[in-house]
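Based on the hints, put chains B, F and H in the right spot on chain S.
Residue numbers (the numbering used here), protein chains in the order written: chain S, 5 to 349; chain B, 5 to 349; chain F, 5 to 349; chain H, 5 to 349.
It should be emphasised that the hints constitute simulated quantities derived from the structure, not laboratory data.
Careful, some of the hints might be misleading.
Identical copies go unnamed one by one, so any copy, or any two together, can satisfy a pair.
Derived SDA-like pairs: lysine to any residue, alpha-carbon spacing no greater than 25 angstroms straight-line [unchecked claim]: (1) LYS56 <-> ALA263; (2) LYS56 <-> HIS29; (3) LYS255 <-> VAL280; (4) LYS86 <-> MET43; (5) LYS249 <-> ARG262; (6) LYS249 <-> ALA122; (7) LYS259 <-> GLN59; (8) LYS86 <-> GLN114; (9) LYS259 <-> CYS57; (10) LYS249 <-> ASP171; (11) LYS56 <-> VAL165; (12) LYS275 <-> GLN49; (13) LYS61 <-> ARG278; (14) LYS259 <-> ASP302; (15) LYS249 <-> CYS172; (16) LYS247 <-> ILE219; (17) LYS56 <-> LYS166; (18) LYS275 <-> PHE210; (19) LYS56 <-> GLY334; (20) LYS86 <-> GLY188; (21) LYS225 <-> GLU300; (22) LYS275 <-> LEU27; (23) LYS56 <-> ASP139.
There are 4 protein chains.
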Amino acid sequence: MSISVSIIGGSGYAGGELLRLLLAHPHVMVKQVASRSHMGEYVYQVHPNLRKCAQMKFVDPAQIESVDVLFLALPHGQAQTKIHEYAALAGKIIDLSADFRLRDGSLYEQWYGEAHAAPEWLDKFVYGLPELHRDEIAIADYVSGVGCNATASNLALLPLVKADLLDCTADVTIEIKVGSSEAGAEGNLGSHHAERANVIRTFSAFGHRHTAEVIQEMRLKNVSLTMTAVDVVRGVLATAHAKVKPGVSTKDLWKAYRAVANENPFIRVVKEQRGVYRAPEPKILVGSNYADLGFELDESSSHVVSICAIDNLMKGAAGSAVQCLNLMMGWQETTALEFMGLHPL
Amino acid sequence: MSISVSIIGGSGYAGGELLRLLLAHPHVMVKQVASRSHMGEYVYQVHPNLRKCAQMKFVDPAQIESVDVLFLALPHGQAQTKIHEYAALAGKIIDLSADFRLRDGSLYEQWYGEAHAAPEWLDKFVYGLPELHRDEIAIADYVSGVGCNATASNLALLPLVKADLLDCTADVTIEIKVGSSEAGAEGNLGSHHAERANVIRTFSAFGHRHTAEVIQEMRLKNVSLTMTAVDVVRGVLATAHAKVKPGVSTKDLWKAYRAVANENPFIRVVKEQRGVYRAPEPKILVGSNYADLGFELDESSSHVVSICAIDNLMKGAAGSAVQCLNLMMGWQETTALEFMGLHPL
Amino acid sequence: MSISVSIIGGSGYAGGELLRLLLAHPHVMVKQVASRSHMGEYVYQVHPNLRKCAQMKFVDPAQIESVDVLFLALPHGQAQTKIHEYAALAGKIIDLSADFRLRDGSLYEQWYGEAHAAPEWLDKFVYGLPELHRDEIAIADYVSGVGCNATASNLALLPLVKADLLDCTADVTIEIKVGSSEAGAEGNLGSHHAERANVIRTFSAFGHRHTAEVIQEMRLKNVSLTMTAVDVVRGVLATAHAKVKPGVSTKDLWKAYRAVANENPFIRVVKEQRGVYRAPEPKILVGSNYADLGFELDESSSHVVSICAIDNLMKGAAGSAVQCLNLMMGWQETTALEFMGLHPL
Amino acid sequence: MSISVSIIGGSGYAGGELLRLLLAHPHVMVKQVASRSHMGEYVYQVHPNLRKCAQMKFVDPAQIESVDVLFLALPHGQAQTKIHEYAALAGKIIDLSADFRLRDGSLYEQWYGEAHAAPEWLDKFVYGLPELHRDEIAIADYVSGVGCNATASNLALLPLVKADLLDCTADVTIEIKVGSSEAGAEGNLGSHHAERANVIRTFSAFGHRHTAEVIQEMRLKNVSLTMTAVDVVRGVLATAHAKVKPGVSTKDLWKAYRAVANENPFIRVVKEQRGVYRAPEPKILVGSNYADLGFELDESSSHVVSICAIDNLMKGAAGSAVQCLNLMMGWQETTALEFMGLHPL
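Chain S extracted, bound-state conformation (with noise of 0.2 angstroms):
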């Protein structure tokens, strides 16, 4: 049994990458891919890994026809205009961008800086990262995308949130690193590779808008996400400072994080005592789906660093989509996504 599916917004990279996993996909056939600014150009133009593997050609968004799942990767605020077209177009949507994300619409607003074009909308719609709603995905027709930094911050926060372990009176400080892919596919000066190679930049201290999908899906309050450019392509490593309760223990976290690796294929804990590969990093999991956690605990300030690395585009985007595409299609979730990563990379 296959379904179609056609991409509107493939010519960016979370489209690129979901293309390139649904042309893998055994249930799937890919109907059509949409790029307003490449129409006419053979996909494997913009994504040159493609070649002789997809022989399509980019169409006009205009052109898509009716198909069982559509997938929207479009730049945030397109999707949320156009929504009602979409959904005449296909009973199943999964959507990339930032629009359908957040459930309140004045929460949108807050940090998108204006209000929400489809407000109504919002509810329809499941925030799609199957290890906080493998359930409610199962059976949702509307699932929105995920922010790549809201994922490592939300995975490395699951396992002390889930077991109750969370000082919630103390702050949550989120460091987060990121690639360059993280910026999309459109340069700009900064993304100049001559300004942009060796950089270890904070471009942001406070007030990046995936703050608004860790409040929501962490339901906590004290969260700030500094943000820090460094010199790869893929990869976020959120590293998150946070206070457990008194008398919370290393054995305790070990059994939180634990319990949520064995409830989600993708998740794995990382700690070891030796060897080079210690603590979770992105390098290993270039084009996995794999997100990495770990941690340490100072006891004697309850002081907890928990860490969570994924591949931006991946994890992040594109891989969890597929992901809820399997979870909602009934299919085994990992299907298409079993891509071990690369070692050395």
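Showing chains B, F and H alone in chain S's frame:
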């Protein structure tokens, strides 16, 4: 139908990639992985990408049991001293080292500086590059691996040699740029990140051992390889400078290159007039088994520049080895090698 | 007027930078450079940038003769065992190692895990960061070096501490990102380029030894350093998360940071509203002795993010050492440290 | 004694480096720096390394006043249209662009695809590479800049040509690897970090414009440049493949290379049997004006590989320009160019 395989020398980079590919191979059951330096350790402690994918530990090479196919990924020089023992363990052997790549013991001695320890075995092996020896590999019991630089060089020259376009009286000068994984998993001062990052380091102007494989397989005499290390982990780009016969045109070259691409599932021709990726480059091949070919001809001087890009650990090592396995077993040649590569990376 | 200096431990990275700076110093004559592991070799064989600039060879440390100022750039733990001998060779000593940075033997033991070998010397040394101890250094005979991560941390906190703006009851969490040169010239498996490239690797969540220098110099208790290695060779970025006292405003911070910049020739405040380089980043500081400071304040929560960028081998090691020399000798503080850094890099 | 200089085109990479060098020059007073695109901005907003070193703002090019020496660092094609105006402002002009590098208007037209706008000025300029034209530069009023790739190529060939060792009937094939700063400060999609990082990208097999400067200066005909971009910001490595005359030995080459190094303060010969840095490489030349030369000869085939490494913005642009200024003014040739480069980087 499934076969059993084992790997001796599984802790190196090529061995690790081989293991990753074989773990995902639908017709293969990995029985044992041996490593003298890491025996007793979990394979994921050395190859951290395999965490949650492989629970096995490295065993002592002396404990390898009988299997259908035995892979050898030992440092050069070791397989030849024990080939009789290994042959007793498996009916089919694929050896990734340099030990059985050359057919002529004297050529081996010339380039490796010492007599071969098992010269009577040289004739039993087939050179393991399917694009050159597909039919022989299909009926072989013993298949060698390929040198990564030799592979990039041989594939760059293949269309020219096969279509008999080359002026064989002229020198063939091959400039090769390589990443740090080519030097293997054992570090040295020159591979220390602070010394190896940001390099454009010509470490061998003449005399690289892989030259012997080009001489043998392309039947060329005046060929030299110049090796330059650059700041990537994976990837080989071979740029061959040669002369075509008088009157050979760009159109003739197009025909020759397309023919090779049509006959080989992992060969692609890249020669675009626009966009970012106009010629072959290893960046988009990381993790994939493709070899991308391109060329430019100065018709006025008959100077041809032929370019081949590969991932040295895939098409240049483990990928070609698995491709050979598929041929030897009569399976689809591309099985377990479908990964398309990543964009961007 | 010119003085004679020698360096013991000149083959490491800090020693090499020190040599480079001293060779160009208008008032200094470099007499000898010692290295046990490289004695007999030309210094340019280890530090290839010095070819044609320095014709000297490394000598045996035992052959060091009397000089005006002796620099020690040995691995940690060695200077303290021979400090009596070294003091007999020179009236003034600048020791770049960690051996004499802490004033309190018990603090040393706590962080370095063993008793100090010459505790009676701890009081004789001044901590060698001019921004903290300019006047004491000017009259000192014995000056210690500084930890590079400690320097970035101390300078990030200096404006806040000096202006008494910090809420000292709250934790100070310092996230530090570092390049590969920080680990020294001796490679290991983790520093192998193929393993070290492309990393975002949190290698220490708590307990980094440089913490002791922050505790001592800033007189803070609740301070922790979390260390993450990223893919650059040189550079440290320290991002300190702290709380300011109630009512402290962005305007107050501007005043405090500008005051520190005005008093110190190598401190700059970087806080731009436009352009690529809006906050401190080590990319543009490679080779320079500047420390760039920046900050952001969330007035609603009093959460301040204070950032300091340095070149770990310059301001974090050899540069500060030469700056101390200048002060000790009564020369212009910036002598031989005028290099402005490179753009782009 | 001090002279006044101004720069038109100071916001590009070469212009920025020029400004940095001139600010530190003991005999120079920088009067004005002009940039059409950035006029009104502080120079440190574009070149952030100059913060606290230069308080000046970019002025409108039309507001440049009379000075002793005028530097032009404009995009190619602009200087030739206004050279009369510029000549009215200063008695001496150093133009870094390609506009006045070629002596022959028809050679210009052949390689640049259009007629030169001021062909009568071509003869007034001296080609600004001191290693080729030291004496002429010393008495010139108008000096051109140099192409960075041409400089690496010309210096790689210089010892061979000067000692008349080259077999001029054979092709000279020059393989050049370059960093991202060579393409200038204006980004494009291909220079976007996510697309440009990790590349080994052969972007020009034949026909690079700098070839014309090699043809002119080396008086060679059969010369081709093949350009490959690699993942560094600064640096050019030119690897020239040529034939020496029959009987020429390694000893002859040593003599020729040493002679060039002895005559030129910024030329060094690098040819070591041990250590990490055995041949020229740009990594250690960043920020320095040195050009490192090396070679290997296959005596059996007379195939010589001659290598030159430079920093494209220094010896390949701003450094050579300042070196020319020193010669034109009768100052020490190395003034303001003493920076030794960094190890490691």
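When no copy is specified for LYS56 and ASP139, does a C-alpha distance of 25 angstroms or less occur within a copy, between copies, both, or neither?
Only across copies: LYS56 and ASP139 sit 23 angstroms apart there, 38 angstroms inside one copy, limit 25 angstroms.
One pair to classify: LYS259 and ASP302, alpha carbons no more than 25 angstroms apart. Within, between, both, or neither? Result: close within a single copy only, 17 angstroms intra versus 35 angstroms inter.
Review point. Between LYS259 and CYS57, at a C-alpha cutoff of 25 angstroms, which is it: within one copy, between copies, both, or neither?
Key: This pair counts as between: shortest inter-copy Cα distance 21 angstroms, intra-copy 44 angstroms.
| When no copy is specified for LYS86 and GLY188, does a C-alpha distance of 25 angstroms or less occur within a copy, between copies, both, or neither? | within (22 angstroms within a copy, 40 angstroms between copies)
- Intra- versus inter-copy proximity for ARG262 and LYS249 (alpha-carbon distance at most 25 angstroms): within (19 angstroms within a copy, 40 angstroms between copies)
Item checked: LYS56 and ALA263: within-copy, between-copy, both or neither at 25 angstroms Cα -> This pair counts as between: shortest inter-copy Cα distance 14 angstroms, intra-copy 42 angstroms.
Review point. At most 25 angstroms between C-alpha atoms: does LYS56 with HIS29 qualify within a copy, between copies, both, or neither?
Key: both (17 angstroms within a copy, 22 angstroms between copies)
With identical chains, the pair LYS275 and GLN49 could be close in the same copy or across copies; at 25 angstroms between alpha carbons, which is it: within, between, both, or neither? Between copies only: 11 angstroms across chains, 41 angstroms inside a chain, cut-off 25 angstroms.
- Intra- versus inter-subunit Cα pairing at 25 angstroms for LYS225 with GLU300: both (23 angstroms within a copy, 20 angstroms between copies)
### Query
Taking 25 angstroms as the upper bound on the Cα-Cα distance, should LYS56 and VAL165 be classified as within, between, both, or neither?
between (46 angstroms within a copy, 24 angstroms between copies)
Exercise for review: State whether the alpha carbon distance between LYS275 and LEU27 is at most 25 angstroms within one copy, between copies, both, or neither.
Suggested key: between (35 angstroms within a copy, 24 angstroms between copies)
At most 25 angstroms between CA atoms: does that hold for LYS86 and MET43 within a copy, between copies, both, or neither?
within (19 angstroms within a copy, 43 angstroms between copies)
This entry does not satisfy hint 6, going by the numbered hints stated previously; all others are met.
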